[in-house]
Each structure stands twice: as C-alpha cells, then as structure tokens.
Amino acid sequence: MLTVELFGVLQQAAGDRQLQLDALPEPPTVAAVLDQLARRHPALAPHLRRVACAQGDSLVRQDQTIDTSRPLVLLPPVSGG
Amino acid sequence: MSRMTEQPLDMGQLLRETENDACGALVVFGGIVRNHHAGKGVSGMSYSAYGPMAEKVLAELEQETLQKFPVSECRIVHRTGDLAIGEASVLVVVRAPHRGDAFDGARYAIDTLKVRLPVWKHDFYEDGSDAYQDGVPLETAASRDAENSQ
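Residue numbers (the numbering used here), protein chains in the order written: chain A, 184 to 264; chain B, 53 to 202.
Watch out, some of these pointers could steer you wrong.
Claimed, not checked - Okay, the calculated beta carbon distance ranges per label pair:
id : chain 1 : residue 1 : chain 2 : residue 2 : range
1  : B       : Lys108    : A       : Arg232    : 21 to 29 angstroms
2  : B       : Lys108    : A       : Ser252    : 19 to 27 angstroms
3  : B       : Lys108    : A       : Glu209    : 25 to 33 angstroms
4  : A       : Arg200    : B       : Arg68     : 35 to 43 angstroms
5  : A       : Pro229    : B       : Gly180    : 45 to 53 angstroms
Because the hints were derived from the structure by calculation, they are not lab data.
Glycine included, every Cβ here is placed at the ideal spot set by N, Cα and C.
Modelling step: build the complete structure from the supplied sequences, incorporating the hints.
Here it is as structure tokens:
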C-alpha cells in the first residue's frame, strides 16, 4: 500500500489531501504510480503531466523506483512568491 | 526566523540578522498580496507549502546566491497560511559591497524561488469564488540540466 500526498490544485481535484494505492508492481516506478493514479482517479489525470514528485525532502524522477513504505508527494506547478 | 513560517514576516529581524559593515548596498525584495489577479478582485489569499522540501530549497537558494554573485549576505523567508491584502508573502534580503551585485543577487533569488519553491497560492475573489493560481512546473535538477545543454 502506497500513500500519495497531494498539494495545491491536486487536493481540489481529488477532494482529499492523500490517497492510498495498492496492487502496484513491487517496487513501482514513479511513472507506474502516476499511471495507476490517472486510471483510478480520472479527475487527477489532466494534472499529472505537469507534476513533480518527491519523497521526504528530495525530488524523485519518473523512472526511479520508490520505497512504498514512504509517502509519494505530488507537487503541481508552483506559484510561490 | 524559520525560512517558512505562518507568522507575519519580520523585516527588521532580517535586517539585524544580515548586518555587515563591509556591505555598502542593501536590496530588499518584498512580495505583497495584491487586490487583483487576472482581471478579478482578490479579497485574500492562502499559501500552502510542502514544508520538508520548501525549507531545504530556500536554504540551498541562499547558498547558491552567495556562490554565484559577489554578495555577502542573503536571507529568504516565505509566509504560509491565510494572508490579507497588503501583507508580505516573501522577503529577500541581499547585502553586497556594491549595489549592482546586490540587485543582481536579489533578482536571481526571487526569480529562482518562483520555479523551485513548492508553494501554492489559493486566491479568494471578491465575487465569492476561489481558485489555485496556475503556476509553473517545478524546476528539477533534470530540467535544469536539459535547459543548460540547449
């Protein structure tokens, strides 16, 4: 089971701050997680092409495999300042 | 002061923290919540952040600015939570021996913050509607490498 944390417009689209995903390949790549998310939560799909992903305080690339015991954080386009 | 904070930003404290007798120039950039966006009246704004990464990004950006420009001091703080019109959302303080370098360093710091800091603006409009501002995709090390190779 993987926890996916959402920020910004993704929270609004999903109606929640986090989601749980199961039945992922082990270990999954970030790209595989995003693919599953798009299929299971169609409201997120239009936004996923522009997200960056992180675990802890580090970004993870889409071709990286991830440790599913740690949340995957989805970061939509940013608007700080 | 933490770099990411829900408390009102304290410019006086930043100025005290960066005092440096070798610097003849001080540049402060402040980002302020304004009362309009995309042609609509704004009544307030809420800033959210991915905290663990945001604090690290600002610390690294301060160091990067100090390394890239002949500046002696650089501090950046960003506010989160609900802000009213006229409140500061971000402060960048740069001190350097000379003004040109201080302007350049401060400009670099705020422009880079805009593409690297995981923070999101949520506008609340005077007509009762609200929306997250459409931002820019987060700049990653991979995207920087691709940009630099062009």
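Results for each hint:
Between Lys108 of chain B and Arg232 of chain A the Cβ separation comes to about 25 angstroms, which falls inside the hinted range of 21 to 29 angstroms. Our hint of 19 to 27 angstroms for Lys108 of chain B and Ser252 of chain A holds, since their Cβ atoms are close to 21 angstroms apart. Between Lys108 of chain B and Glu209 of chain A the beta carbon distance is about 29 angstroms. The supplied range of 25 to 33 angstroms therefore holds. Between Arg200 of chain A and Arg68 of chain B the Cβ separation comes to about 37 angstroms, which falls inside the hinted range of 35 to 43 angstroms.
In this structure the supplied range 45 to 53 angstroms is violated for Pro229 of chain A paired with Gly180 of chain B, their Cβ-Cβ distance being about 25 angstroms.
Comparing the model with each numbered hint stated earlier shows that hint 5 is the single one that does not hold.
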